[in-house]
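> Note that the protein sequences, when read in sequence, are chains A and B. For the first sequence, the numbering used here assigns the number 3 to the initial residue and increments by one for each residue that follows. For the second sequence, the numbering used here assigns the number 39 to the initial residue and increments by one for each residue that follows.
Calculated directly from the structure, the hints in this document are not laboratory data. Where a beta carbon is used, it is the ideal one built from N, C-alpha and C, also for glycine. It is possible that part of the hints are untrue.
[To be verified] Simulated crosslink set (DSSO-like; lysine-lysine; CA at most 27 Å straight-line): (1) K160(B) with K309(A); (2) K156(A) with K132(A); (3) K89(B) with K122(A); (4) K363(A) with K121(B); (5) K122(A) with K121(B).
[What the hints assert, rightly or not] Taking beta-carbon pairs under 7 Å as the criterion, some of the chain B residues facing chain A (in silico): (6) I76; (7) R119; (8) P123; (9) R161.
One letter stands for each residue in the lines below.
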Amino acid sequence: MKLHRRAVLLSVTALMTSASLLTAGAAQTAGDPIRKIVLATAAQAADPQEFQAAQLIAQEWRKLGLEVEVRGFPRPQLSDLVWYNRQKWDTTMWRMVGRPERSDPDELVYNLFHSSTAEKGFNFVGYVNKDYDAIAEQQRRETDPEKRKVIVAKAQTMVAQDAPYLFLVHPKNTVGYLASVIKPASVVDQGGIGIRNFWTFVGAEPAGTVKDIIANSTEALNSINPLYISGSPDNWITELVWDRLMRIGPDGLPKPYAAKSINWVDPTTLDVTLREGMKWHDGKPVTAVDVIFSFQSTMGDESPMYKPFSSNIASMEKTGADTIRFKLKEPNASFLISTIAKINLIPKHVWEPVIQGLASKPENAESYQESQPIGSGPFKVARFKLNEEIVLERNADHWQAPKMDRFILRVIPNNEAGLGMLRRGELNFLSDYRGDPKLLTDLSNQQKDIQVASTVDLGLRYVGHNLRRAPFDDQAFRQALSTVVNRNLIAAAAWNGFAVPASSMISPALPFWHQGTPPRANLDEAKAILKKAGYELVGNKLHYPAGKKETLQPE
Amino acid sequence: MRSVAIRFGQMLLVLWAVATLLFFMFRLMPGDPTLAYIDTTFTAEQQEALKRQFGLDRSILEQYLIYFGNILRGEFGTSFRVKRPVFEVIFDVLPNTLALTVVSITIAYLFGILAGAWLAWKRGSVAEAVGIPIVLTLRAAPEFWLGMVLLAIFAFGLGWFPSGGANSAGMTFNSTFDRLTSPDFLHHLVLPAATLALYLQGLPLLLMRSNMLDVLHEDYVMMARMKGLPEWRILLLHAARNALLPVVTAFALGLGASVGGNVVVETVFSWPGLGRVLVDAVASSDYPLAQGAFMFIAFILIVMNFVADLLYSVLDPRVSHG
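Same shape as in the complex, but just chain A:
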């Protein structure tokens, strides 16, 4: 037995020697073989699409001579690994959801890749590039949109070049409603958000006798609180109940809402004039004092989730009965979207005593749930059970009073039941659907009054490489991993066609800012990139460039 093994070894060595002679001694000069790579992903049960995409990616990477293991984790465990154990993973599937504030590119350009967020913030891949930092800071200060667009394009090009992320797809968001209840002409498609948005719910016109919008959420709400960012469905409610000085319009740009006008005096001075005659839901008038109080409430420690959004405010001053002057610490192009259109206006007479009462306690304003929330928005809270149902009534006194009488949000965790309810009219706006989109489009073909909208939103799926760990610290290696992946196949197979290939952190749903075209899968090109960078295939296994040692074990 021993003899036999030795014979095999000898012949293998002989073969290798002759092979290396042929390739001018490449095998002797190549670095260590690359260890087994672990691609972390949400477990199949937690996210079947992501898991399948990971399998497809691993399959392509193996063609480069890599040993790849796809390892599924429950979501909390995956987050814990990626976020709090930044030295311990190789590469991971990750997702970002679409949110109105992400209509401005700043959050994605700055927070994802700026080196200041690499240690503990969202730059968990550890991308550190001084040139990129400069660009990210520059676009933040540039207030002229056309000039800023050029800088944002540069940032996207640089990220595509350096490839800290492997951009996969922008999934489509598929929702449906009953045309027999809501007039299709009154439904608004907001760029990057889809038809489930503020403008649709406020502007929806009844098509028949039903005057309730009955929408759904697949998860229970956490709270209805204007000072607590507590979840997406929670936000659908808060934005209907509390007005904001500006709102992000259907075109993705901020437009004055509770403010009549907004004027930049200079890059750090903003004048706001309030709309006249606005009232809180308890009948008291909305004043400039309330507005200043609202922003102040988010600046202290009572509203930690909102605090980063108002940190650039240096001061606020009431300059007239209905006018307020904001002074900024530094020029910021995203200020209107990420601050003025983000902070909820709250009545001082309700919240001042609450916040004063909380000042000496360990809790903050997030833990205060009003039994009757008071805002000044187009809908009023009629009653709510966070695990069951939230009922809003139209605010007839609002200057943009809704056409429908009520907005009802039901908590329906069963996706299939959601479809059945839409069919039977128990729901008339399927606003949160996480099942197979094909089922919904099929249903709309069978039943003509079901309208379906499937739109690319601001959401993104990608693979984040850990740049702290070899071989992911090498730009050429990352480029090769990106070049070999077939995004069209992944969109078609894993997302059933309900996704488009991605090439940037900024979604094509924002055509003004989006830049870049998704690379086409090309195995030969990927191999060529690796070869040029010095990587060698020995046998079927990819080795580091000459002289490079493998220092890590597969975790």
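Fit chain B to the known structure of chain A by using the hints.
This is chain B only, laid out in the frame that chain A set:
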């Protein structure tokens, strides 16, 4: 009296063990509650602030002592996610849970007892050959599958019942009692209660049947037959009464366990109950809510166990605790 005191002491010991286990179990689980907040704007300062706010910056022993001190004062804390007192959150959904589970367990046991007794009586007949496999199939069928089949037929297909929720959209009621007794609520209750009852009926039925088979061989049953009593009288008054005892225990325990709700049925029928609250709490590492809810369930279960024990000695004088 002394035996009752001993049992009471045991009960407290078990509750302490449960509270301690829960505390360490959740903290040993991977992930922590700050993970639910991960976002592009989530800063290092926010992470620290959250940990301080949740008391997770202290040592685990310190946390345990604080937790235990609070429990002794009846304080179960505030939910991390929902930011409301734990018991407020639990009692919000408890009426729905109890309505669903108590109704279905009662139906299941009534049916199970009667059908079990009858099947024992019909031993060796066609009824048994058909009945037992049906019972076993229903018992073994996954609840979500059973629920979806009922939904597909009676809600999506025939439209007899609503497809989910505990009430129709936008209904208003003056009180919880009004709501729970309204036709609208009962209409919503039918399908989930039926699903749960179909699943639960297997245990009492099979238990009753096997007890009956034992009892039917007893001398006093033969005596009753010799007296020429009608069959239904022998079945119900002589045999069933004595076969019932273990089923009563199972019922008391089942009732205790039903407080925890049923995640599967609640999810399939979008029923706002405690089971889903619990699962959400565990998934988001909401320690106080998960601990509080499990403590509450354990407490009810232990109390029901205690009650079952006491009840048993009342029902059957042969069982006594010296």
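> Can you list which hints this structure breaks, lowest number first?
Per hint list: 1, 8, 9 violated.
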